[in-house]
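One line per chain: the protein sequences are P and Y, in this order. First residue of the first sequence: 85, per our numbering; consecutive thereafter. First residue of the second sequence: 4, per our numbering; consecutive thereafter.
If you're looking for bench data, these hints aren't it; they were derived computationally from the structure. Where hints are given, some of them may not hold.
To be verified - Distance windows between CB atoms, simulated:
{"no.": "1", "chain 1": "Y", "residue 1": "P291", "chain 2": "P", "residue 2": "D280", "range": "51 to 61 Å"}
{"no.": "2", "chain 1": "Y", "residue 1": "M331", "chain 2": "P", "residue 2": "P252", "range": "47 to 57 Å"}
{"no.": "3", "chain 1": "P", "residue 1": "Q258", "chain 2": "Y", "residue 2": "L315", "range": "36 to 46 Å"}
{"no.": "4", "chain 1": "Y", "residue 1": "R182", "chain 2": "P", "residue 2": "E264", "range": "14 to 24 Å"}
What the hints assert, rightly or not - Okay, derived cross-link-like pairs now, SDA-like style, lysine to any residue, Cα gap no bigger than 25 Å in a straight line:
{"no.": "5", "chain 1": "P", "residue 1": "K204", "chain 2": "Y", "residue 2": "D326"}
{"no.": "6", "chain 1": "P", "residue 1": "K279", "chain 2": "Y", "residue 2": "T91"}
{"no.": "7", "chain 1": "P", "residue 1": "K204", "chain 2": "Y", "residue 2": "L89"}
{"no.": "8", "chain 1": "P", "residue 1": "K260", "chain 2": "Y", "residue 2": "L85"}
{"no.": "9", "chain 1": "P", "residue 1": "K265", "chain 2": "Y", "residue 2": "T91"}
{"no.": "10", "chain 1": "P", "residue 1": "K265", "chain 2": "Y", "residue 2": "D326"}
{"no.": "11", "chain 1": "P", "residue 1": "K204", "chain 2": "Y", "residue 2": "D197"}
{"no.": "12", "chain 1": "P", "residue 1": "K279", "chain 2": "Y", "residue 2": "M211"}
{"no.": "13", "chain 1": "P", "residue 1": "K204", "chain 2": "P", "residue 2": "T229"}
{"no.": "14", "chain 1": "P", "residue 1": "K279", "chain 2": "Y", "residue 2": "A96"}
{"no.": "15", "chain 1": "P", "residue 1": "K204", "chain 2": "Y", "residue 2": "M211"}
{"no.": "16", "chain 1": "P", "residue 1": "K260", "chain 2": "Y", "residue 2": "L332"}
{"no.": "17", "chain 1": "P", "residue 1": "K204", "chain 2": "Y", "residue 2": "R328"}
{"no.": "18", "chain 1": "P", "residue 1": "K329", "chain 2": "P", "residue 2": "R124"}
{"no.": "19", "chain 1": "P", "residue 1": "K204", "chain 2": "Y", "residue 2": "Q321"}
{"no.": "20", "chain 1": "P", "residue 1": "K279", "chain 2": "Y", "residue 2": "L67"}
Cβ atoms here follow ideal geometry from the backbone N, Cα and C, with glycine treated the same way.
Read off the chains here:
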Amino acid sequence: MPADPTPHGGTPSDPTASPGAPRAFRHGDTPQRLAQVALRDVPWEIGVPKPDPAIVVDDVARTFGGLTAVSVDHLEIQRGGITGLIGPNGAGKTTLFNLLTGFDQPNTGSWSFNGRPLGKLAPHEVARLGVVRTFQLTKALSRLTVLQNMLLGAQGQRGEGFFRALIPGIWRGQEKENTEKAMDLLRRFKLDAKKDDFAGTLSGGQRKLLEMARALMSDPQVVMLDEPMAGVNPALTQSLLGHVKDLREQGMTVIFVEHDMDVVRDISDWVVVMAAGRIIAEGPPESISQNQAVVDAYLGAHHDAPLTVEEEDEVLREAEREIAREQNLEEGEVLSSDAPPERTDR
Amino acid sequence: MGELLDALAIALKAALGFQAIFFALLAIGINVQFGYTGLLNFGQIAFAMLGGFGIAVSVTQWGLPFWVGVLIGVLAAVVLALLLGLPTLRLRADYLAIATIATAEGLRLLFRSVSATSVTGGTRGLAAFNGDFYALSPWPTEGRYSILGTSWSGAQLFVAVVGWLLVVLASLLVWALMRSPWGRVVKSVREDEDAVRALGKNVYVYKMQALVLGGVMGALGGMIYAVGTGSAIPDQYQNANTFLAYAALILGGAARVLGPVVGAMLLYFIVQFADTGLRTLISKGAIPEGLLSATDVAQIRFVLVGLGLMLLLVFRPQGIFGDRREVMLDAR
Numbered sequence: 085m086p087a088d089p090t091p092h093g094g095t096p097s098d099p100t101a102s103p104g105a106p107r108a109f110r111h112g113d114t115p116q117r118l119a120q121v122a123l124r125d126v127p128w129e130i131g132v133p134k135p136d137p138a139i140v141v142d143d144v145a146r147t148f149g150g151l152t153a154v155s156v157d158h159l160e161i162q163r164g165g166i167t168g169l170i171g172p173n174g175a176g177k178t179t180l181f182n183l184l185t186g187f188d189q190p191n192t193g194s195w196s197f198n199g200r201p202l203g204k205l206a207p208h209e210v211a212r213l214g215v216v217r218t219f220q221l222t223k224a225l226s227r228l229t230v231l232q233n234m235l236l237g238a239q240g241q242r243g244e245g246f247f248r249a250l251i252p253g254i255w256r257g258q259e260k261e262n263t264e265k266a267m268d269l270l271r272r273f274k275l276d277a278k279k280d281d282f283a284g285t286l287s288g289g290q291r292k293l294l295e296m297a298r299a300l301m302s303d304p305q306v307v308m309l310d311e312p313m314a315g316v317n318p319a320l321t322q323s324l325l326g327h328v329k330d331l332r333e334q335g336m337t338v339i340f341v342e343h344d345m346d347v348v349r350d351i352s353d354w355v356v357v358m359a360a361g362r363i364i365a366e367g368p369p370e371s372i373s374q375n376q377a378v379v380d381a382y383l384g385a386h387h388d389a390p391l392t393v394e395e396e397d398e399v400l401r402e403a404e405r406e407i408a409r410e411q412n413l414e415e416g417e418v419l420s421s422d423a424p425p426e427r428t429d430r
Numbered sequence: 004m005g006e007l008l009d010a011l012a013i014a015l016k017a018a019l020g021f022q023a024i025f026f027a028l029l030a031i032g033i034n035v036q037f038g039y040t041g042l043l044n045f046g047q048i049a050f051a052m053l054g055g056f057g058i059a060v061s062v063t064q065w066g067l068p069f070w071v072g073v074l075i076g077v078l079a080a081v082v083l084a085l086l087l088g089l090p091t092l093r094l095r096a097d098y099l100a101i102a103t104i105a106t107a108e109g110l111r112l113l114f115r116s117v118s119a120t121s122v123t124g125g126t127r128g129l130a131a132f133n134g135d136f137y138a139l140s141p142w143p144t145e146g147r148y149s150i151l152g153t154s155w156s157g158a159q160l161f162v163a164v165v166g167w168l169l170v171v172l173a174s175l176l177v178w179a180l181m182r183s184p185w186g187r188v189v190k191s192v193r194e195d196e197d198a199v200r201a202l203g204k205n206v207y208v209y210k211m212q213a214l215v216l217g218g219v220m221g222a223l224g225g226m227i228y229a230v231g232t233g234s235a236i237p238d239q240y241q242n243a244n245t246f247l248a249y250a251a252l253i254l255g256g257a258a259r260v261l262g263p264v265v266g267a268m269l270l271y272f273i274v275q276f277a278d279t280g281l282r283t284l285i286s287k288g289a290i291p292e293g294l295l296s297a298t299d300v301a302q303i304r305f306v307l308v309g310l311g312l313m314l315l316l317v318f319r320p321q322g323i324f325g326d327r328r329e330v331m332l333d334a335r
């Protein structure tokens, strides 16, 4: 285990090796990958119906001026599974997240959670239904302590009304329960030693942990994580992965955006690939790397792009050089063994 | 030496007088809005003006009792806060700032305009509306009382006592609110609105509540000022007062219950001490007439406040009560 470069306080550098966390995922466990079993017979097709969808998206389109950021015909997210959302930069993953959680409204389309339409709902209303999200750029509330950050996540707080806030008797008991729950979660996330520190003093990785723990305070049914591993050191990544798997064990539906393919392969039950606003493939993680559309989206963009005049000239010159070299070879002058491969596409 | 003590006593009286209370109440309101919730209200004086004129117009023009006037002033502040908040609180913070600063100036010009003279008294304003208020005084308002070497009239003393009572009540309210879950949500809104939305809180409602609460406190401040001066004149309510209240808040420490109160007292103490002190020094010849004349003092004292604020921001950016660690976190 490499030394952890981030300042951690009392946090041990190997988070997976703690015996004290009863619910944390460990490698010896046999996880109940119910979603994986349920999805075994689902064909690897775009927009394929799932056995038990939690979220259903239909014809959602969002354009910014002339740019179509998201255009999804049909997508179902399996309940109780971890769905990875991948795609090159600018594919519309975060925009889709914003649309699903009410932070942005689409131009057309509808989407539902547990059969309840989510269109036209404000972000806080979506959150109250049990769909919470985290952000790509971590939003720790810097000048609140870690514990206060956590307490904010609790739902249905009686003391959050203006007039009821003035009578402590109404909310004291609830506050105590929430504090206990928050401390439980903080212990699981190894942040309990930092409970009285300002969240602004935490390292980037710790903020990611805090944001995830805070989201869990609301007992969500669906957790949407926008790049949970971005900027997190490898030691902490393992711990975060464990926590994400843990969510699935507790029956939550997880949707996450990630660029690290190893991570996606490790924890996803199902992977949805987006490119240029559209879903170009979906299927179990092992199906994705062989998918031609995915390879094209990640690697083949230039391959398919029309050539500019300069590029055509360059290709022409190279072809001429090749011909010249071949003529030289015919004349018996062996110049080099590493002749460029033949270009079959020209 | 005797003159210096006199100057100190006069400054102390100023720090306890109704002007300091006026700024304290304005600053408590701004503290709720800006210090805790992160709302930029640059027109707090408009709320104060509505408070002052709420009483003045109700009593002198409409013949209503004083206390109905107080109620009307508070209601007017609530309505103004709603009107300002409804269109702007869904937008970025800057829009509220623009709307409030324009409203403060616009309302003052409206109140002093010729067409409004029949209601507000125009540039001359209104007077003689605080009879009901002084009638409640437990001591005769004509008498003079000596406290800590300063002389107070009974009326001044009564306004100050009622005013400080209001300040204490307002501070208690802020304290009770900010230690509650409501206060936690409001402080979180200051840090990051979207994070709070994602956790299922209706940010718009919280911002509106904070704007209304702060506006009502501003209106109470305006009432104390109107009662203290015995008149309500639109040009008393220049928007520079809003920024002096901000100065008081920053001096005392934002997002602290007692920050605005102590800040306002200190601000008025410094202004008055500089004023009396400089005048004494000039009349004694300690400062040569060529360098500074008595007529310059009114301006110079605010220069001194500005200098003091600058030094404070360099050496103690968190204000008197603030937490340095907390302020330093802002360098994100």
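Now for the hints, and whether the structure bears them out:
Between P291(Y) and D280(P) the beta carbons are some 57 Å apart, a value that agrees with the proposed interval 51 to 61 Å. Separated by about 31 Å at the C-beta atoms, M331(Y) and P252(P) break the suggested range of 47 to 57 Å. At roughly 40 Å, the beta-carbon separation of Q258(P) and L315(Y) lies within the given 36 to 46 Å, and the hint holds. Between R182(Y) and E264(P) the beta carbons are some 19 Å apart, a value that agrees with the proposed interval 14 to 24 Å.
A threshold of 25 Å between alpha carbons decides the hint, and for K204(P) with D326(Y) the separation of about 42 Å lies outside it, so the pair is violated. Our distance criterion of 25 Å between C-alpha atoms is broken by K279(P) and T91(Y), whose separation comes to about 35 Å. In summary, the hint linking K204(P) to L89(Y) is supported, as the alpha carbons are separated by about 19 Å, within the 25 Å threshold. The hinted pair formed by K260(P) and L85(Y) fails the criterion: a straight-line CA distance of about 35 Å is larger than 25 Å.
Proposed proximity of K265(P) and T91(Y) is contradicted: the alpha carbons are some 37 Å apart, above 25 Å. A C-alpha spacing of about 28 Å is found between K265(P) and D326(Y), which places the hinted pair above 25 Å, so the restraint is violated. Taken as a hint, the K204(P) and D197(Y) pair is honoured in the structure, with Cα atoms around 17 Å apart against an allowance of 25 Å. Straight-line distance between C-alpha atoms of K279(P) and M211(Y) comes to about 30 Å, which puts the hinted pair past the 25 Å bound.
As the CA atoms of K204(P) and T229(P) are separated by approximately 33 Å, the hinted pair breaks the 25 Å bound. Taking the CA atoms of K279(P) and A96(Y), the gap is near 30 Å; set against the 25 Å cutoff, the hint is violated. Simply put, K204(P) and M211(Y) have alpha-carbon atoms about 22 Å apart, close enough for the 25 Å limit, and the pair holds. Our distance criterion of 25 Å between C-alpha atoms is broken by K260(P) and L332(Y), whose separation comes to about 28 Å.
As the CA atoms of K204(P) and R328(Y) are separated by approximately 41 Å, the hinted pair breaks the 25 Å bound. Among the hinted pairs, K329(P) with R124(P) is consistent with the structure: their alpha-carbon atoms are about 19 Å apart, no more than 25 Å. Only pairs whose Cα atoms come within 25 Å are accepted, and K204(P) paired with Q321(Y) is rejected, the gap being roughly 42 Å. Using a Cα cut-off of 25 Å, the hinted pair K279(P) and L67(Y) is violated, with the two alpha carbons roughly 55 Å apart.
Consistency with the previously given hints fails for numbers 2, 5, 6, 8, 9, 10, 12, 13, 14, 16, 17, 19 and 20, ordered from lowest to highest.
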